[in-house]
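In order, the protein sequences belong to chains A and Z. Heads up: take any position in the first sequence, counting from 1, add 1476, and you land on the numbering used here. Heads up: take any position in the second sequence, counting from 1, add 1476, and you land on the numbering used here.
No lab work stands behind these hints: they were computed from the structure. Treat the hints with caution; some may be incorrect.
It does not matter which identical chain is meant; a pair holds if it fits inside one copy or across any two.
Okay, derived cross-link-like pairs now, PhoX-like style, lysine-lysine, Cα gap no bigger than 25 Å in a straight line [unchecked claim]:
1) K1904 <-> K1528
2) K1490 <-> K1528
3) K1536 <-> K1919
4) K1892 <-> K1553
5) K1516 <-> K1847
6) K1490 <-> K1892
7) K1905 <-> K1490
8) K1847 <-> K1738
9) K1505 <-> K1866
10) K1490 <-> K1829
11) K1885 <-> K1664
12) K1924 <-> K1528
13) K1738 <-> K1885
14) K1866 <-> K1516
15) K1847 <-> K1505
16) K1937 <-> K1829
17) K1878 <-> K1904
18) K1516 <-> K1937
19) K1919 <-> K1490
Since we're looking at a predicted model, the values are computed, not measured.
Protein chains: 2
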Amino acid sequence: MTFAALLTQEQVEKVHDASLEILEEVGLKVRFEPARELFKAHGCRVEEERVKFPRAVVEKYRRLVPSSFTFHARDPKFDKTIPQDSPVIVTASSAPDIIDPVTGRERRAESADIARIAHLINELPGYDIFSISTLAEDAPQDQFTVSRLYPSLKYCLKPLRVTTTNMKDTMSVMNMAYMVAGGEAAYKEHPFLTHHYCPIVSPLTMDHLSTENVMFFAQQGLPVYPTIVPNAGLTSPMSMAGTLAQGNAEFLAGLMLMQMTKEGTPTIYATLGTVADMRSGAYTSGAIECGMLHMAYAQMARFYNVPAGGYVGLTNSKVNDAQAGYETGMSGIAGLLGGMDMFNIGGLIDALKTFDFAKAVIDDEMALMMKRMKRGISFNEDDLAVNLIKEIGPGGSFITVKHTISRMKTEAVMTKMADRDARTIWEKKGALDIQSRAMNRVKEIMSKNTAPLIPPDVDAKIREAYPGLVEGMLEPIP
Amino acid sequence: MTFAALLTQEQVEKVHDASLEILEEVGLKVRFEPARELFKAHGCRVEEERVKFPRAVVEKYRRLVPSSFTFHARDPKFDKTIPQDSPVIVTASSAPDIIDPVTGRERRAESADIARIAHLINELPGYDIFSISTLAEDAPQDQFTVSRLYPSLKYCLKPLRVTTTNMKDTMSVMNMAYMVAGGEAAYKEHPFLTHHYCPIVSPLTMDHLSTENVMFFAQQGLPVYPTIVPNAGLTSPMSMAGTLAQGNAEFLAGLMLMQMTKEGTPTIYATLGTVADMRSGAYTSGAIECGMLHMAYAQMARFYNVPAGGYVGLTNSKVNDAQAGYETGMSGIAGLLGGMDMFNIGGLIDALKTFDFAKAVIDDEMALMMKRMKRGISFNEDDLAVNLIKEIGPGGSFITVKHTISRMKTEAVMTKMADRDARTIWEKKGALDIQSRAMNRVKEIMSKNTAPLIPPDVDAKIREAYPGLVEGMLEPIP
Chain A
1477 MTFAALLTQE
1487 QVEKVHDASL
1497 EILEEVGLKV
1507 RFEPARELFK
1517 AHGCRVEEER
1527 VKFPRAVVEK
1537 YRRLVPSSFT
1547 FHARDPKFDK
1557 TIPQDSPVIV
1567 TASSAPDIID
1577 PVTGRERRAE
1587 SADIARIAHL
1597 INELPGYDIF
1607 SISTLAEDAP
1617 QDQFTVSRLY
1627 PSLKYCLKPL
1637 RVTTTNMKDT
1647 MSVMNMAYMV
1657 AGGEAAYKEH
1667 PFLTHHYCPI
1677 VSPLTMDHLS
1687 TENVMFFAQQ
1697 GLPVYPTIVP
1707 NAGLTSPMSM
1717 AGTLAQGNAE
1727 FLAGLMLMQM
1737 TKEGTPTIYA
1747 TLGTVADMRS
1757 GAYTSGAIEC
1767 GMLHMAYAQM
1777 ARFYNVPAGG
1787 YVGLTNSKVN
1797 DAQAGYETGM
1807 SGIAGLLGGM
1817 DMFNIGGLID
1827 ALKTFDFAKA
1837 VIDDEMALMM
1847 KRMKRGISFN
1857 EDDLAVNLIK
1867 EIGPGGSFIT
1877 VKHTISRMKT
1887 EAVMTKMADR
1897 DARTIWEKKG
1907 ALDIQSRAMN
1917 RVKEIMSKNT
1927 APLIPPDVDA
1937 KIREAYPGLV
1947 EGMLEPIP
Chain Z
1477 MTFAALLTQE
1487 QVEKVHDASL
1497 EILEEVGLKV
1507 RFEPARELFK
1517 AHGCRVEEER
1527 VKFPRAVVEK
1537 YRRLVPSSFT
1547 FHARDPKFDK
1557 TIPQDSPVIV
1567 TASSAPDIID
1577 PVTGRERRAE
1587 SADIARIAHL
1597 INELPGYDIF
1607 SISTLAEDAP
1617 QDQFTVSRLY
1627 PSLKYCLKPL
1637 RVTTTNMKDT
1647 MSVMNMAYMV
1657 AGGEAAYKEH
1667 PFLTHHYCPI
1677 VSPLTMDHLS
1687 TENVMFFAQQ
1697 GLPVYPTIVP
1707 NAGLTSPMSM
1717 AGTLAQGNAE
1727 FLAGLMLMQM
1737 TKEGTPTIYA
1747 TLGTVADMRS
1757 GAYTSGAIEC
1767 GMLHMAYAQM
1777 ARFYNVPAGG
1787 YVGLTNSKVN
1797 DAQAGYETGM
1807 SGIAGLLGGM
1817 DMFNIGGLID
1827 ALKTFDFAKA
1837 VIDDEMALMM
1847 KRMKRGISFN
1857 EDDLAVNLIK
1867 EIGPGGSFIT
1877 VKHTISRMKT
1887 EAVMTKMADR
1897 DARTIWEKKG
1907 ALDIQSRAMN
1917 RVKEIMSKNT
1927 APLIPPDVDA
1937 KIREAYPGLV
1947 EGMLEPIP
């Protein structure tokens, strides 16, 4: 596939140049002292909290970044490497709220919800990575993140993406991972958690805790990557070009942090760029401009030869209506055809605030469509079928030929959610919209293959090590 | 913008070669005798109804096709030329049914519906061309098409796309157009109807009446173009490559018909390719494979240097749900980034069978998003905003600067339908989904600027010339 490009090659280079100018002349405010020391030790100019990055330093370190990034899974058959396995589909994460699957009402999300979601994502074929979709309101004090991780480990074998708060929280998470893996060494052989942070607050500020975490994981040689989040009109210029320039400078700053910590640390050019709706200041994760920015950032990623990904196609809608469908679909395809490798796209509504089970199922079908498109058009002699066309001739039918029968399940996505019935049949089946059909599928999935994926003896040890830990048990949806 | 491409240049040439082989060795069954004579007179081999096209003949005539196509409007400010003005957004057309805007129930469409739809399309900024959306069940005998055209002329000044049945029907339509224009000569100076047919029935059969119409309009120098409609697994091979090869042969046959009728006749590489869902034989206009085929055909169109367009993103859903949104959105963006110029995309649900007012309004907003994407990223010094980024510095805000305020309404689409409110505000406003908001907008538009656009004296003459003609009056929606 040749990717669509919104920028010319000259414009890509102009963005790069503008970023170098910004990094050299403005630099970043860096709040975490060890990071400032790290930058200083590697040739940057440090004045109080401000760090300025000479061009030559940026040009040196940006060339050290590897061209691929691997998400490891507890079951290695689910390992995914980008760009090779792209598009890699990830749930969008950390929503505080959830649409209750029984009442249909919005409420705070809890750890029991995460058990259900983890199982759903484990079972849905379109998803490659489970980035823990919600927070857990019922988390005991000092168990903020393990309360999210534990139900995820219990019901999902796909790669997990997780974020943590402070280093204490991080160590608590890592200890649980080590226990599940059978020890620290075993875990490090196949680190099934990928850590994610937003260490850079736009404009141009490197935070304390997230920066510390990124440095820690890079040092340890464990998978971690940062996302940049400029919001045009609020935290970056109200112009896509300006938001590209600033965002790219922020990406390069994160890249340098990682490469200076440990050369050759893999990363992703990960983005959540938006253009604010200045009529209300709304965060427009569903807007087409969000899709456009992601296409352009993906082009910058190709310039640096690093995989591209991000939060794209995340609807502002509060319900699973046509807006939710087109916002996810339009920017999802824009990102795909623009060359993104990884998509934090599934399961959330209301601008990343709320998880919805039906949305996750619908997004799974969109994910399969995106993968079909990326697979492209097969083109051997048998595909071209000139002899078959000759044989059938004008006015003939292809319906019963072997060529058709042998290909009918592979040429097209065998959709499960899309309604393609005649209206009369659709009415006989209850005249359901896709939201209702998706909820039926959620209930069905929730009642199958529900055995916990942590062995009982390991589970017992975990529960002993974390007194008061949430149950994280999967319950079917009545 | 650099377009996304699913085919390599070598594959494009292979499709072209395969088409030449098909045209030369299989040819088409041509049912309309004057067309067979025309082909014979221009170097084709004719055996009974079969016409075979030597390579040299195809290569000669395919080079005569102009590189642009103009849709004229009654008000020339609405004229559109592709590819220059692309993306040009057209309603999808000729649905037999409609969702009644008052009862919400599906029923046969009538001429009064067309008056409302014509007015809606005239008022919605995303639409460029009104291809008459529905049939008219109440059409008097012998007024099959004028019953659709009359309400369209009465309420829409944008270019109209129309199809006709036999030549008697065609002449009836043309006479009405001449009367509105102030005579045949005046009409021909600015022919505000564009005629459309599907003269080729896949596989490889050229029909009688449509072929006659295409030849008539080409002869007259009036705007006309055909669409090819291969359906993989039923009327073409169950492979995208084979469907490309056969469809491309069919396109070239239509092209030759037009160029042999009159050299230099403009046309469009217009397509409605699908891959059948062989589980039920369903017509999958909403499937991602439909979007992929359109991208590939657009690539073929670039090879021939002719504008590309077609029926893309037409949902199979029966209602305006998330499926309707993502099916239109995903294939719409795929077509746009694949280089299509014209999109027959708006207003229909249920695989082109049913018009829905809310869908037309939602598609209008998607159209504006597609146009925004095509406009791309502006890239002058002021856009790049490096000085502004320096000035604001780390931790600053862009919210109140002049750069932001002067651009906030142009950088992003000022959406009208998308909900971007906080949940509490959305609930206060009635917790409406986009279907409900769109119907409110329909009702609002239906009550404004409702004066007929045919002057009373002309109208009187038309009604005299067409006894029993439908009223075609616009009624508000209660």
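Within a copy, between copies, both or neither: where do K1490 and K1829 come within 25 Å Cα-Cα?
-> Neither, since 35 Å and 49 Å both go past 25 Å.
25 Å Cα threshold - placement of K1738 relative to K1847 = Classified as neither: same-chain Cα gap 34 Å, cross-chain 44 Å, threshold 25 Å.
Within, between, both or neither, where K1905 and K1490 count as close if Cα-Cα is 25 Å or less | neither (56 Å within a copy, 45 Å between copies)
Check K1878 against K1904 for me: Cα-Cα at most 25 Å, and say if that holds within a copy, between copies, both or neither.
-> Classified as neither: same-chain Cα gap 33 Å, cross-chain 58 Å, threshold 25 Å.
Tell me, please, which holds for K1516 and K1847 at an alpha-carbon limit of 25 Å: within, between, both or neither?
-> Neither, since 44 Å and 47 Å both go past 25 Å.
Alpha-carbon proximity between K1904 and K1528, which holds within one copy, between copies, both or neither at 25 Å | Answer is neither; intra-copy 67 Å and inter-copy 48 Å both fail.
Checking K1885 and K1664: alpha-carbon separation at most 25 Å within a copy, between copies, both or neither?
-> Neither. Shortest intra-copy (40 Å) and inter-copy (50 Å) distances fail the 25 Å Cα cut-off.
Within, between, both or neither, where K1847 and K1505 count as close if Cα-Cα is 25 Å or less | Neither way: K1847 and K1505 sit 40 Å apart in one copy and 38 Å across, limit 25 Å.
Pop the pair K1924 and K1528 into one bin, within, between, both or neither, using alpha-carbon distances up to 25 Å.
-> neither (55 Å within a copy, 59 Å between copies)
If the cutoff is 25 Å on CA atoms, where do K1536 and K1919 land: within, between, both or neither? Let me know, please.
-> Answer is neither: 53 Å inside a copy and 61 Å across each miss the 25 Å cutoff.
K1738 and K1885: within-copy, between-copy, both or neither at 25 Å Cα = Classified as neither; 47 Å inside a copy, 44 Å across copies.
Have a look at K1866 and K1516 and pick one of within, between, both or neither, based on CA distance no larger than 25 Å.
-> between (72 Å within a copy, 21 Å between copies)
The structure shown violates the earlier hints numbered 1, 3, 5, 6, 7, 8, 10, 11, 12, 13, 15, 16, 17, 18, 19.
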